[in-house]
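Q: Now for the letters of each chain:
There are 2 protein chains.
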Amino acid sequence: MSRLDVFIDRMVSQRACLDFAIAETAALPGPAFELGLGNGRTYHHMRENITGHDIYVFERAIASNPASTPDEAFTILGDVMETLPQTLERFGATASLIHADLGGHNLKKNDLFARKVSPLIEPLLAKGGLMVSSDRMYFDALEELPLPEGAVPGRCFIYRK
Amino acid sequence: MSRLDVFIDRMVSQRACLDFAIAETAALPGPAFELGLGNGRTYHHMRENITGHDIYVFERAIASNPASTPDEAFTILGDVMETLPQTLERFGATASLIHADLGGHNLKKNDLFARKVSPLIEPLLAKGGLMVSSDRMYFDALEELPLPEGAVPGRCFIYRK
Ligand SMILES: C[S@@+](CC[C@H](N)C(=O)[O-])C[C@H]1O[C@@H](n2cnc3c(N)ncnc32)[C@H](O)[C@@H]1O
Ligand code: NI
Ligand code: NI
Chain F
1 MSRLDVFIDR MVSQRACLDF AIAETAALPG PAFELGLGNG RTYHHMRENI
51 TGHDIYVFER AIASNPASTP DEAFTILGDV METLPQTLER FGATASLIHA
101 DLGGHNLKKN DLFARKVSPL IEPLLAKGGL MVSSDRMYFD ALEELPLPEG
151 AVPGRCFIYR K
Chain R
1 MSRLDVFIDR MVSQRACLDF AIAETAALPG PAFELGLGNG RTYHHMRENI
51 TGHDIYVFER AIASNPASTP DEAFTILGDV METLPQTLER FGATASLIHA
101 DLGGHNLKKN DLFARKVSPL IEPLLAKGGL MVSSDRMYFD ALEELPLPEG
151 AVPGRCFIYR K
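These protein sequence lines map, in sequence, to chains F and R. Going letter by letter, the first sequence gives residues 1 to 161 in full-length UniProt numbering. Going letter by letter, the second sequence gives residues 1 to 161 in full-length UniProt numbering.
Calculated from the structure, these hints are not laboratory results. We put the beta carbon where it would ideally sit given N, CA and C, even for glycine. Among the hints, erroneous ones may be present.
[Stated by the list, open to error] Covered stretches of chain R, as calculated for chain F (at least 3 residues, CB under 8 Å):
{"id": "1", "segment": "4 to 10"}
{"id": "2", "segment": "40 to 51"}
{"id": "3", "segment": "59 to 72"}
[To be verified] Estimated spans, in silico, between C-beta atoms of each pair:
{"id": "4", "chain 1": "R", "residue 1": "K127", "chain 2": "F", "residue 2": "Y138", "range": "57 to 65 Å"}
{"id": "5", "chain 1": "F", "residue 1": "E89", "chain 2": "R", "residue 2": "N110", "range": "44 to 52 Å"}
{"id": "6", "chain 1": "F", "residue 1": "D79", "chain 2": "R", "residue 2": "G154", "range": "35 to 43 Å"}
{"id": "7", "chain 1": "F", "residue 1": "T75", "chain 2": "R", "residue 2": "F74", "range": "38 to 46 Å"}
{"id": "8", "chain 1": "R", "residue 1": "G38", "chain 2": "F", "residue 2": "G128", "range": "34 to 42 Å"}
{"id": "9", "chain 1": "R", "residue 1": "G154", "chain 2": "F", "residue 2": "N39", "range": "19 to 27 Å"}
{"id": "10", "chain 1": "F", "residue 1": "I62", "chain 2": "R", "residue 2": "R60", "range": "22 to 30 Å"}
The shape of chain F in the complex, shown without the other chains (with noise of 0.2 Å):
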């Protein structure tokens, strides 16, 4: 497999669990929190498909294509090992769905920081909130769903509340 396909199983496969998850949650009230914003494509995507339901946006640096920038007012900025906890205080257990794609190029160093956010990341939820990750997640008590569709297994992760 060449890097061209890792790729594009990746962004497929967070297109088709974030479809799934956008469906499933949609009866929900709670706003939807876009972790990692980096080129804007995923917040774009979900933007175009959610509607009725805030979306925040959580990234260090904002770099993103001027068509996917948050408004100032959906923008929580900082490192998320800081700003999820502040988030939690503001906004309680209330997230329809959170969608994270925080890593780099450095599979380890990925998962080790999923390990650390993950129980930042859990209690944010709302009951019935799903979580779709790049990354494998470390959650005390959210159930794996299986994969929707077109994802490929690996590239993506569901969980739920």
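Here the structure of chain F is known, so what remains is to put chain R with the ligands in place on it, guided by the hints.
A: Same frame as chain F, but now just chain R with the ligands:
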């Protein structure tokens, strides 16, 4: 369509066109050229799938993933407007396959650049050689080919000398 949708279509189309072009030009003896290295994903795909041909990479400033950075001997550094004419003197009309993904976010600028660079690319191809591009090109005498299965119209273009 979200930016994620557009991006997936572009990546999938690049791969479909490259795979087609690699198979079609396998019997030609000349080198392959990658114009624009970027992250290096399509270069990596070419390296994994092209056998028996040298692959030269044209780039202004190398910023690729270490897993897909070409050897110095196969890197042609500089603005393609200057390096392509030098390459014609060095190699003549011998290229079996030329892939170009030189565009940025500004579609109008991409089109202007495609017009400028097309006459520098055309003479490099061997008879029977293929050119795959993410932008419509402006060639004098190359034939535009129908897209292979899986490629999305408008997301990539194939030309034959
Ligand atoms: C792979 S990119 C996200 C790409 C995005 N899904 C897209 O479609 O364009 C990961 C992003 O997460 C951000 N990030 C990584 N670790 C972070 C942290 N601890 N706190 C905040 N942002 C972080 C990085 O700055 C980077 O922009
Ligand atoms: Ni809704
Ligand atoms: Ni060959």
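Q: Determine which of the earlier numbered hints do not hold for this structure and return their numbers in increasing order.
A: Nothing - there is no hint that the structure violates, so all of them hold.
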